[in-house]
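Just need the whole structure built from these sequences, with the hints factored in.
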Amino acid sequence: MTKRSPYGNDDFKEKYINAFRKLIRIDKKKNDLAQIFDELIKDNFKDSDWEITTNSSLKRLDFYCHVPSVVGAFDLILKEMLNHSSHKKINIKTNKEAAENYRVNNIFIEQLGSYPEIDISDIKDNWIKSIEKGEMGEIRKNLFRQANWSIETKAFNNDDKLVPVKVNMLLDDNEPNIEYLKTDKGVNGFKHTITFFYRP
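Each residue of the sequence shown is one higher than the one before, starting from 15 at the first, in this note's numbering.
Possibly wrong hints are sitting among the right ones.
With a straight-line cut-off of 20 angstroms between C-alpha atoms, the simulated EDC-like cross-links for lysine to aspartate or glutamate are [said to hold, decoys possible]:
{"#": "1", "residue 1": "K205", "residue 2": "E111"}
{"#": "2", "residue 1": "K73", "residue 2": "D89"}
{"#": "3", "residue 1": "K168", "residue 2": "D133"}
{"#": "4", "residue 1": "K102", "residue 2": "D57"}
{"#": "5", "residue 1": "K155", "residue 2": "D89"}
Each pair of labels, with its calculated beta carbon distance range [said to hold, decoys possible]:
{"#": "6", "residue 1": "K143", "residue 2": "N115", "range": "32 to 40 angstroms"}
{"#": "7", "residue 1": "D133", "residue 2": "G200", "range": "28 to 36 angstroms"}
{"#": "8", "residue 1": "L37", "residue 2": "S100", "range": "34 to 42 angstroms"}
{"#": "9", "residue 1": "Y212", "residue 2": "P82", "range": "13 to 21 angstroms"}
{"#": "10", "residue 1": "K110", "residue 2": "D173", "range": "35 to 43 angstroms"}
{"#": "11", "residue 1": "D186", "residue 2": "K110", "range": "27 to 35 angstroms"}
{"#": "12", "residue 1": "K107", "residue 2": "D63", "range": "20 to 28 angstroms"}
No lab work stands behind these hints, which were simulated from the structure alone.
Backbone N, C-alpha and C define an ideal beta-carbon position, used for all residues, glycine too.
Structure follows, in structure tokens:
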């Protein structure tokens, strides 16, 4: 008697194979990012007057990661934005880049018009030196070994002038740092950039 492969059994595939795939892959066919964000937005912003926009390209992203950790980071970012409710516009979008030996998926979550109103020295003390603590620390733990993570915003320099900065919270070399941006073009609030790398 020939044994039938369990892979031909729809119940087995749904219960085990597809369930496992949802843990390790953002999948444009079965586990798309647009749906994930829709659920997070409904959970966090229900019955609110926030204006949250997403772009259609979220549906087309396809990459491997530990999905619960990454979705947990997205959830923490949205919850943190909800705590700064004086600015109620959020844009969520993505783009793709190609390099010689790999591909890049960038996910942007930006709260428009929201700036931390702190000094750059405070960023160094409260974000960089205390990188494992607080909400930022939790986001970083969720994204560790999953993606790179940076924040673009404006902060006060030593001359008390509001200047654009990029705070690299999680990089390949695991060393957080601050970049001073040459222009504030495109810095419209508090923007998280989460970057995933993969080989085609």
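Verification of the supplied hints:
1. K205 - E111: Distance ~19 angstroms between K205 and E111 Cα, so the pair holds.
2. K73 - D89: holds, 18 angstroms
3. K168 - D133: OK: K168 and D133 at ~9 angstroms, within 20 angstroms.
4. K102 - D57: It holds: about 16 angstroms lies between the C-alpha atoms, which stays within 20 angstroms.
5. K155 - D89: holds, 13 angstroms
6. K143 - N115: 32 to 40 angstroms: For N115 against K143, whose Cβ atoms are near 35 angstroms apart, the range 32 to 40 angstroms holds.
7. D133 - G200: 28 to 36 angstroms: The hinted range 28 to 36 angstroms is violated for D133 and G200, with Cβ atoms some 22 angstroms apart.
8. L37 - S100: 34 to 42 angstroms: Given about 37 angstroms between the Cβ atoms, the range holds.
9. Y212 - P82: 13 to 21 angstroms: holds, 19 angstroms
10. K110 - D173: 35 to 43 angstroms: Since the Cβ atoms of K110 and D173 sit about 39 angstroms apart, the hinted range of 35 to 43 angstroms holds.
11. D186 - K110: 27 to 35 angstroms: Given about 19 angstroms between the Cβ atoms, the range is violated.
12. K107 - D63: 20 to 28 angstroms: For K107 and D63 the Cβ distance comes to about 21 angstroms; the hint holds.
Hint compliance for this structure: hints 7 and 11 are not met, and every other hint is.
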